[in-house]
Amino acid sequence: MRRTLVLFIAGAVIVAGGLIGLSLYSARPQKTEVVVVPAQGTTKGSPTAPVTLMEFADFQCSHCADFASGTLRRLEREYVATGKVRVVFRQFPVLGQESVWAAIGAECAAKQGKFWAFHDLLFRVRRGVDAGAFLPARLLAYARELGLDQEAFRACLQSGQVVEKIREDIQEGVKYGVEGTPSFVIGGRLIVGNQPYEVFKEAIEEALAQAR
Amino acid sequence: MWTNRHRWIVAGASSVGAGISGYLAYTKVSGSSLLCVGRGCEIVNSSPFAVVMGVPVAFLGLGMYLAIIFLVTWETLLSHRRPIGSSPHLPPLALHPFLLQAAIFAMALAGTIYSAYLTAIELFWLRAICSWCVASAILVTAIAATSAHGVLLRASP
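Going down the list, the sequences are from chains A and B.
Last residue of the first sequence: 212 (my numbering), numbering continuous.
Last residue of the second sequence: 157 (my numbering), numbering continuous.
Okay, chain A solo, but in the shape it has when bound:
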């Protein structure tokens, strides 16, 4: 019986070890597929696209990060790259102090034409709420990593010149009924949360039909 017990314990340790190994393998950073789309400021896609998808997001929001790495990529391939949809990112920093700093950093990166690269990086390094990932010193490091002009970026962070734009984004969101993140406005319709891709597809197709 003792030997049987030892075998069971060994089996348990092997199974647990295997699960841990699979977990670490699953959680490894994924290669992101690059889809080339035109981008200006916090907008992505053709300026003449018939449908606009406005996203209200917080860089500390986990569901916003899920959307950025999942559904947004698919939307880019199927609607943005084909000129049907233009994506506009609007700041809605509500989760904590570092949300505001991240929003400021992202808008400062936008001034140097690197908003979307900064957006992707922020969601990639996101750890938790006010966990230190978006402290000003870290934002400067991210800017350096992306090859931004350090002095201009630092000056932008310290001057508060982008705060008014962020305030306008929040007010715009409130006007549409946004209360949390992520929230989306497609053709005047509010979608709350990182819904399945089919929900966005349906809203976009409806908006495209109305635009014809």
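Everything labelled a hint here was simulated from the structure, so no lab data went into it.
Remember, predicted model here, so these are calculated numbers, not experimental data.
Heads up, the beta-carbon is just placed ideally off N, CA and C, and yes, glycines get one too.
Just to be clear, a hint being listed does not mean it is correct.
Partial selection, computed: residues in chain B whose CB lies under 10 Å from chain A [what the hints assert, rightly or not]: (1) Arg5; (2) Pro48; (3) Met53; (4) Phe105; (5) Ile121; (6) Trp125; (7) Thr141; (8) Ala144.
Given chain A, work out where chain B should sit, using these hints.
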């Protein structure tokens, strides 16, 4: 040797664990908001560590708890069987309760080790705590400890 107290604790803890895992699995699949103390649950359950090879960890937990419930029920039924005849030499079937107890212990031990790994990830990588996950970790540890207590008593000479 397992007593009815061991069985009640294992059955009770695994039932509560199944409820928690079922709830987490439901919110993962449906995308609905998770009731949580603080924001840690959202952070933890949308991290890459909440899924293993495409399978939500909540489903693994639910499977484990349901398996333990099945095994403890089976073990209880076997342990309360009348021995065949009055011979002190019980048929081989009488060994089965121990095998089931050992299997429950091994399953809970694997769950405890994996829960410890996930808790470490929460504390040191994600820096967010999911209260549901902590509750499940405590339950599976309690199942492992309880079943170990009974099994080791049985296995002692």
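- Item | Minimum beta-carbon distance criterion (10 Å), tryptophan 125 (chain B) to chain A | holds (8 Å)
task = Answer holds if the nearest beta-carbon of chain A is closer than 10 Å to that of proline 48 (chain B); otherwise answer violated.
result = With a closest approach of 4 Å, the proline 48 (chain B) hint holds.
> Any CB of chain A closer than 10 Å to the CB of threonine 141 (chain B)?
Replying inline: violated (13 Å)
- Task: Go through the hint on alanine 144 (chain B) and say holds or violated, using the shortest Cβ distance to chain A against 10 Å.
- Result: It holds, given that the least Cβ distance between alanine 144 (chain B) and chain A is near 9 Å, below 10 Å.
Review point. Once the shortest beta carbon distance from arginine 5 (chain B) to chain A is found, is it less than 10 Å?
Key: violated (20 Å)
Under 10 Å, Cβ to Cβ, is where methionine 53 (chain B) needs to be relative to chain A, so tell me if that hint holds or is violated.
holds (5 Å)
Phenylalanine 105 (chain B) was flagged as interface toward chain A. Is the shortest Cβ-Cβ separation under 10 Å? holds (7 Å)
Holds or violated: is there a CB of chain A closer than 10 Å to the CB of isoleucine 121 (chain B)?
holds (8 Å)
Checked against the numbered hints above, the structure breaks hints 1, 7 and satisfies the rest.
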